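K.L.:
For reference, the chains in residue letters:
There are 2 protein chains.
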Amino acid sequence: MKIPVVERIMQANDILAEEVRGTLRANGVVALNIMGTPGSGKTSLVEQTISRLGRELSIAVIEGDIATSLDAERLSKLGVQVVQVNTGRECHLDAGMVKMAIAQMDLPGVDLLLVENVGNLVCPAEFDIGESRKILVASVPEGHDKVQKYPLMFRLADAVALNKMDLLPHVDFDLASFRSALSDLNPQAPLFEVSCSTGANLDEWVEWVRSQVAR
Amino acid sequence: MKIPVVERIMQANDILAEEVRGTLRANGVVALNIMGTPGSGKTSLVEQTISRLGRELSIAVIEGDIATSLDAERLSKLGVQVVQVNTGRECHLDAGMVKMAIAQMDLPGVDLLLVENVGNLVCPAEFDIGESRKILVASVPEGHDKVQKYPLMFRLADAVALNKMDLLPHVDFDLASFRSALSDLNPQAPLFEVSCSTGANLDEWVEWVRSQVAR
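Chains as they are written, first to last, in my numbering: chain A, 1 to 215; chain B, 216 to 430.
Honestly, I wouldn't trust all of these hints.
[Stated by the list, open to error] Rough simulated footprint, nothing fancy, chain A against chain B, three-plus residues with beta-carbon under 8 Å:
#, region
1, 329-343
2, 346-352
[To be verified] Partial selection, computed: residues in chain A whose CB lies under 10 Å from chain B:
#, residue
3, Gln11
4, Ile15
5, Thr37
6, Gly41
7, Asn120
8, Cys123
9, Ala125
10, Leu152
11, Val171
Don't read these hints as lab results, they were simulated from the structure. In this text, all values refer to a predicted model and were calculated from it rather than measured experimentally. We put the CB at the ideal spot given by N, CA and C, even for glycine.
One chain only, chain A, in its complex shape (with noise of 0.2 Å):
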């Protein structure tokens, strides 16, 4: 679908990601996007990042998801502002949805947004939400080669969590492979090898975050 339509709409959304930005921006909140494929343990990344940092910083969420408020039930739990998106057919968040979502939130106060995008290795890459940063949240059950096979979303992230690290006794995930092909791709990313399931190596994510709302 590479025709003029489709780029205007992505002007479109540029401008409505700078916008979004700008808002954020102005109320001193610092967004993550965070992306990856279905499964790979993005609520679970959300709700422990809540849990270790929701007492200094004040979080809200906002879940993309095709369809189902499942994932924003789960952290509404939790005790923060989420607002869910469905987006139908849609296979990942635009700006305008993001601004129409944190237009429903009490913005100021908010130090910390956690954007989790529709489950997708590939779309969610290509739009500009506002977001300060992106994260790319994969996992040890998908295998090593993903870094090479889904590579612009690997070249984008600002920070990769290698989620479900407990499996790896269980699943042939070569990891060496997978952290040359990284650095090879992206090396200004820190790579975070964690388990949300166990709690292994949230500490370090959980620094990574902080330091990125202390800008």
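Since the structure of chain A is already known, use the hints to place chain B on it.
P.N.:
For chain B alone, kept in the frame of chain A given last:
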């Protein structure tokens, strides 16, 4: 992107899909469009299918990937015809790509064409590629809530393979909930609970594939 131009693209795709379907039918080829999220095990299922049916059926493969020919290289070792389609930025195969791919194949004599789509639980569902059957490969570590969260592809599937059943003891996956969500949404689709790494229940899957070719 719900605009007239996109509708015209979809119509153009449907016309090409019918053309592909006609070519395949004329050559007596049954084509399975194998979809699922990155790392669900689509390539492994293709490998297992070839190794179990490759002696009785003539099998050919189209490998759809954003980038790399890693999967095609894996499969060409099994002695089948493989055509790699690199989609660049596109998040799905379309009928035009499949038309180009089969033009490069020696189609007469092929019984079964396995088309591995781009890893994506959203977009490929919307593109008819001229296949005989749509197959959805899900996997246990993705979580049991994926049927509800990505309903379109689960609804359209003619069969569902739930892979990585060997990881069930190591993850939080409610099998009864997955089964009942699938049978609510798509009661016709048979569910094959398999492990491509241990080989569990692959005989049932292979039997179903055989029955599709025999029709």
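K.L.:
Next, verify each hint and record whether it holds.
P.N.:
Each hint, compared with the structure:
1. Restraint check on the region 329-343 of chain B versus chain A: 7 residues with Cβ-Cβ distances below 8 Å, three needed, restraint holds.
2. Remark: the region 346-352 of chain B is not confirmed as covered by chain A, as 0 of its residues place a Cβ nearer than 8 Å to a Cβ of that chain, below the required three.
3. Checking A/Gln11 against chain B: minimum C-beta separation of about 13 Å lies over 10 Å; hint violated.
4. Annotation: interface hint on A/Ile15 violated; nearest CB of chain B at approximately 16 Å, more than 10 Å.
5. Nearest Cβ of chain B to the Cβ of A/Thr37: about 5 Å, under the 10 Å cut. The hint holds.
6. Look at A/Gly41: its Cβ gets to within about 9 Å of chain B, closer than 10 Å, so that hint holds up.
7. The interface hint given for A/Asn120 is met, as the beta carbon of that residue sits about 6 Å from the closest beta carbon of chain B, less than 10 Å.
8. For A/Cys123, the shortest C-beta to C-beta distance to chain B is roughly 5 Å, which falls under 10 Å, so the interface hint holds.
9. For A/Ala125, the suggested interface contact is upheld, since its CB lies about 9 Å from the closest CB of chain B, less than 10 Å.
10. With a least beta-carbon distance of about 7 Å to chain B, the hint placing A/Leu152 at the interface is held under the 10 Å criterion.
11. Hint on A/Val171 holds. Least Cβ distance to chain B is approximately 7 Å, under the 10 Å limit.
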